[in-house]
Amino acid sequence: MIDIRMAFPGTPGDSPSISTRLADLTPVVIAALDNAAAALSEMAGLRIAVSSTTLGLARIADMPVLAGGPEALALGVYFAFSGDDDGQGHLLLLMDDAGSQQVAALLLGEDAADVDVTASLPASALAEAGNVSCSAFLNALGDTTGLRLDITPPAVVQDMRGAILDALAADIATVAEEALVINTRFTLEQPEQLAQALDLRFLVVPTPSMLEQLLERAVPIGAVR
Amino acid sequence: VIAASAVRAPGASSSIAVGLGELAVARADTPDGPQLVAYGLGSCVAICLFEARSGVAGMAHVVLPGESPHGEPNARFARNALAALREAMVKIGGPADLRRYQARIAGGAQVLVISGGGSLPRVGDRNVESVRDELVRAAIPLLGEHVGGGKGRTVWFNPRDLGRIRVRTVGRPELVF
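Chains as they are written, first to last, in the working numbering: chain A, 1 to 225; chain B, 1001 to 1177.
Derived from the structure by calculation, the hints contain no laboratory data.
From a predicted model like this one, the values you see are computed outputs, not experimental measurements.
Even for Gly, the Cβ is constructed at its ideal location relative to N, Cα and C.
Misleading hints may appear alongside valid ones.
Derived contacts from chain A toward chain B, CB cut-off under 8 Å, selection only [as the list claims (entries may be wrong)]: (1) M63; (2) G68; (3) P70; (4) P153; (5) A155; (6) R161; (7) A163; (8) I164; (9) A169; (10) A173; (11) T174.
Can you make the complete structure from the sequences, with help from the hints?
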């Protein structure tokens, strides 16, 4: 059972019509997230699923604290994506530091204690995990909406959680005061030890023009566009 | 936007978290007064101003190097942040003459570097350059900086430290200057 929430804090920029229009986009996003989880599961040989998703408008000032403590060390695999017009967006696979070490170890078949996620091989493995999940998400989103979505190569970064999100928020700030943030938690069904400890998040932040394109083209799953 | 969130840890003075595009001010002569903190600065720059006679301190969390479209005092933009700080600092007893303040800055990193060139602009470098230019324009002496590089920073600014700031970067010793 996926926990889906629509979070719209009471800021002056809120528009009731946004939440109404998001009703059509939400199942499209959920299907794309499931696709991302399935692709990641296949790559890692693990059972990974979407456990919760929050869709909500966030102020730029609040973005660095959206995914936990801003000073906590984390590893992010970041991609920018763009659409047919001038719309852009940001994708981030974000995991806590200990979790990233264990995920890299699983991908490489090594002992977590021997893995340095900043070394080239583990970083490449984590980049590929990001690549697989983010590409699967965008492919599903593109198929459903008819948008051609291009993605950049990955940026793998180990830093304070807030600093990774600050860089992303700064880019959004060039065009908007607030943005839609799709904040998703993935869970593992096994191995149990990792499943309990891992904080694995998948964040999607479209710019307003990209969001508008998605809203225009999103139709309920099963309907004919 | 003026930050309003205050968090008090047991046995410690309270902190005001200064979010992106926000600013906050405080006075040194308040015994249990708050310190100002910007957590996890990436490409953003924290401008920390202090005026010794009044003991008034202010921090702006600058996000972008340019100017507000409307030209109003605004901590988000490097070109408008000093005016926003002055406005807020005067309200708590600071002088209007910016030349009486001293400045420290930190931030401006390039945290996300995409392999093969990348599309994210180097906002961090441009933020630093723009903030430095504005400090020169306002004749505010820049007494210390920790800027650039590829790692994020957290900056604490306690008014009772007489203008000095503490900067934490992952994996490195904390700096005080």
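Quick rundown of the hints versus the structure:
1. M63: Interface hint status for A:M63: holds (7 Å vs cutoff 8 Å).
2. G68: Hint violated; A:G68 Cβ to chain B Cβ min 11 Å, cut 8 Å.
3. P70: holds (4 Å)
4. P153: holds (5 Å)
5. A155: With a closest approach of 5 Å, the A:A155 hint holds.
6. R161: With Cβ-Cβ at 7 Å, under 8 Å, it holds.
7. A163: Since the shortest Cβ distance to chain B is 2 Å, the answer is holds.
8. I164: holds (6 Å)
9. A169: Holds, because the Cβ-Cβ distance from A:A169 to chain B comes to roughly 6 Å (cut-off 8 Å).
10. A173: holds (5 Å)
11. T174: holds (6 Å)
When each numbered hint is compared with the structure, a violation occurs for hint 2 only.
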